[in-house]
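Undergrad: What follows is each chain in one-letter form.
Protein chains: 2
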Amino acid sequence: MKMAALCSEFGDLAQIKKQLISVISLCKERGLLHSAKWASELAFSLDPLPKDDLPPTPPFTEEDAQDLDALTLAKSYFDLKEYDRAAYFLKGCCSQKAYFLYMYSRYLSGEKKKDDETVDSLGPLEKGQVRNEALRELRVELSKKHTARELDGFTLYLYGVVLRKLDLLKEAVEVFVEAIQALPLHWGAWLELSNLITNIEMLKSLSLPDCWIKDFFMAHMYTELQMIKEALQKYQNLIEAGFSKSTYIISQIAVAYHNIRDIDQALALFNELREHDPYRIDNMDTFSNLLYVKSMKPELSYLAHNLVEIDKYRVETCCVIGKQ
Amino acid sequence: MKMAALCSEFGDLAQIKKQLISVISLCKERGLLHSAKWASELAFSLDPLPKDDLPPTPPFTEEDAQDLDALTLAKSYFDLKEYDRAAYFLKGCCSQKAYFLYMYSRYLSGEKKKDDETVDSLGPLEKGQVRNEALRELRVELSKKHTARELDGFTLYLYGVVLRKLDLLKEAVEVFVEAIQALPLHWGAWLELSNLITNIEMLKSLSLPDCWIKDFFMAHMYTELQMIKEALQKYQNLIEAGFSKSTYIISQIAVAYHNIRDIDQALALFNELREHDPYRIDNMDTFSNLLYVKSMKPELSYLAHNLVEIDKYRVETCCVIGKQ
Chain A
1 MKMAALCSEF
11 GDLAQIKKQL
21 ISVISLCKER
31 GLLHSAKWAS
41 ELAFSLDPLP
51 KDDLPPTPPF
61 TEEDAQDLDA
71 LTLAKSYFDL
81 KEYDRAAYFL
91 KGCCSQKAYF
101 LYMYSRYLSG
111 EKKKDDETVD
121 SLGPLEKGQV
131 RNEALRELRV
141 ELSKKHTARE
151 LDGFTLYLYG
161 VVLRKLDLLK
171 EAVEVFVEAI
181 QALPLHWGAW
191 LELSNLITNI
201 EMLKSLSLPD
211 CWIKDFFMAH
221 MYTELQMIKE
231 ALQKYQNLIE
241 AGFSKSTYII
251 SQIAVAYHNI
261 RDIDQALALF
271 NELREHDPYR
281 IDNMDTFSNL
291 LYVKSMKPEL
301 SYLAHNLVEI
311 DKYRVETCCV
321 IGKQ
Chain B
1 MKMAALCSEF
11 GDLAQIKKQL
21 ISVISLCKER
31 GLLHSAKWAS
41 ELAFSLDPLP
51 KDDLPPTPPF
61 TEEDAQDLDA
71 LTLAKSYFDL
81 KEYDRAAYFL
91 KGCCSQKAYF
101 LYMYSRYLSG
111 EKKKDDETVD
121 SLGPLEKGQV
131 RNEALRELRV
141 ELSKKHTARE
151 LDGFTLYLYG
161 VVLRKLDLLK
171 EAVEVFVEAI
181 QALPLHWGAW
191 LELSNLITNI
201 EMLKSLSLPD
211 CWIKDFFMAH
221 MYTELQMIKE
231 ALQKYQNLIE
241 AGFSKSTYII
251 SQIAVAYHNI
261 RDIDQALALF
271 NELREHDPYR
281 IDNMDTFSNL
291 LYVKSMKPEL
301 SYLAHNLVEI
311 DKYRVETCCV
321 IGKQ
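Chains A and B supply the protein sequences, listed in that same order. Residue 1 is where the first sequence starts when you use full-length UniProt numbering, and the numbers rise one by one after that. Residue 1 is where the second sequence starts when you use full-length UniProt numbering, and the numbers rise one by one after that.
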């Protein structure tokens, strides 16, 4: 809630950077690694803050102090993927942070078991039949807390994920919007929402907070809905607003150009991207598409070789190898 | 160095708990998850500290502030196992923490690639031939810094690991001892050292700091060297000194009894352990040995079923299943 209040259309960039630094630690404490990565990449693209301008560590409440030992232990187990053990030690904690990690551990435990089952199952046909067994219970518990208005931004996000996985898409959209209103800086919630929006009318009907991050979301949505002109305009605005060094934005624009088959523009941007972030694997499958279309065989083979060197088992790497 | 100064044979337990809480965050910031887990379990077994008694966050130096953005970004990549990318963004940082994470990322990148190669190789015979390709370079660079006395406790530890992996065992022992002297609270360094000690004379010849954690190490060493009487005495002292609730100590005593075939004592302790830590998988292979020897088939089958529920792919689980 505090963060929502801080949000306004392009306040100064230092303020945005502070918000990002704060949300990065909130996400990391909760094991939300992809949202932390997104925010870290964006923060890195902005000028460094002077030492005395760094955001203060958030207040440590009486509840946090009470949960400290259990939370520290549980997070150690969580980081080593011992999710059941983490959940066991978090049961009975009282802080919001511990509650999130308790529920998230149970969710991830279910996901891990589902993946193990899938590995064991005979073929791809069976895949859809294996389900995260924790989902139903999590839904019941989160739904009660939701009705009692006891969920914070992170647990609302988790509730949305649970609903989405149970194919309750309409409810999921509503809950993700709530999650975003409670904590606009958490990119994962926006991204989940984006996957559920099927057309522009639906997008327009949502009541989203007026925060600078909404522009990132709208640009992403326009790209997803193939409204490339609008997407490029949004990204241009973001670049002019001070995000010109963001590798995220450069890659998004490159993908947008790819989608309208403006191959030369897209290629130029991907080449720029690889200069600043040579070990990047994200979006390299799209880059390889362009090289393939242009029949740039040596470049394609160099890219494939390079990605195999970095991580041969990433999905993107396999895609690129397949195109050679 | 600061920590070494704080260490003394069984100071008060609150002081020990503070030291543990501090070292847990140092380890977590550096991705040393197993050492963080060990310290978290031990801290959890001690009484909670009053809120105002919690250790202050360590001082944030000018160097830390300079590296903050790169370090935050790199740690996000590191947490998602993008080690090459993490190392790329850490190159040129100046703080000790960033330097450790830079070298550790390169080490883990090499380990990951080695594992990938091993998966691809034809059979177990080839396994020994695949090597972490980063080791030689890391050794050269760390050796220079070592000579210049520029390594802190964590980088000394990493240097020791690199030497050990290159089969330079004598040098590795010396460097692990240095690492322990610089940062006695880092359990990982003690554990690495313990694997290189082959007899009691060698153990006695080492110059180890007089810190309470040394007793944990000595007890562990006595168990490893089959000096079970001495080990049990050490653990008894630790229990009397206030560590009676430590699941680590209970499991170590159980393993010690197992090693001298005092099966009933060992069984009783394992049952106690499972009461306090029902989702524990560590040491359950030893527990299953005992159940097997006593022909306790229903208990063995219950344990196996239980571990499969928690994590069917852990080595310990496979061991237990094999005994049924």
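For the record, the hints were derived by calculation from the structure and aren't laboratory data. Among these hints, one or two may not hold up.
For identical chains, the list gives no copy identity; a pair is met inside one copy or between any two copies.
[As the list claims (entries may be wrong)] Cross-link-like lysine-lysine pairs, in silico, PhoX-like; alpha carbons within 20 Å at most:
| id | residue 1 | residue 2 |
| --- | --- | --- |
| 1 | K114 | K144 |
| 2 | K312 | K323 |
| 3 | K144 | K165 |
| 4 | K91 | K170 |
| 5 | K51 | K18 |
| 6 | K145 | K214 |
| 7 | K323 | K229 |
| 8 | K214 | K229 |
| 9 | K144 | K214 |
| 10 | K245 | K214 |
| 11 | K312 | K165 |
| 12 | K312 | K113 |
| 13 | K312 | K112 |
| 14 | K81 | K297 |
| 15 | K165 | K323 |
Undergrad: Evaluate each hint against the coordinates.
TA: Status of the hints after comparison with the structure:
| no. | hint | result |
| --- | --- | --- |
| 1 | K114 to K144 | neither (25 Å within a copy, 48 Å between copies) |
| 2 | K312 to K323 | within (15 Å within a copy, 36 Å between copies) |
| 3 | K144 to K165 | within (18 Å within a copy, 53 Å between copies) |
| 4 | K91 to K170 | neither (30 Å within a copy, 47 Å between copies) |
| 5 | K51 to K18 | within (12 Å within a copy, 27 Å between copies) |
| 6 | K145 to K214 | neither (27 Å within a copy, 47 Å between copies) |
| 7 | K323 to K229 | neither (29 Å within a copy, 64 Å between copies) |
| 8 | K214 to K229 | within (18 Å within a copy, 66 Å between copies) |
| 9 | K144 to K214 | neither (29 Å within a copy, 50 Å between copies) |
| 10 | K245 to K214 | within (19 Å within a copy, 50 Å between copies) |
| 11 | K312 to K165 | neither (29 Å within a copy, 24 Å between copies) |
| 12 | K312 to K113 | between (25 Å within a copy, 9 Å between copies) |
| 13 | K312 to K112 | between (22 Å within a copy, 10 Å between copies) |
| 14 | K81 to K297 | neither (41 Å within a copy, 30 Å between copies) |
| 15 | K165 to K323 | neither (32 Å within a copy, 38 Å between copies) |
In the structure shown, a violation is registered for the earlier hints numbered 1, 4, 6, 7, 9, 11, 14, 15, in ascending order.
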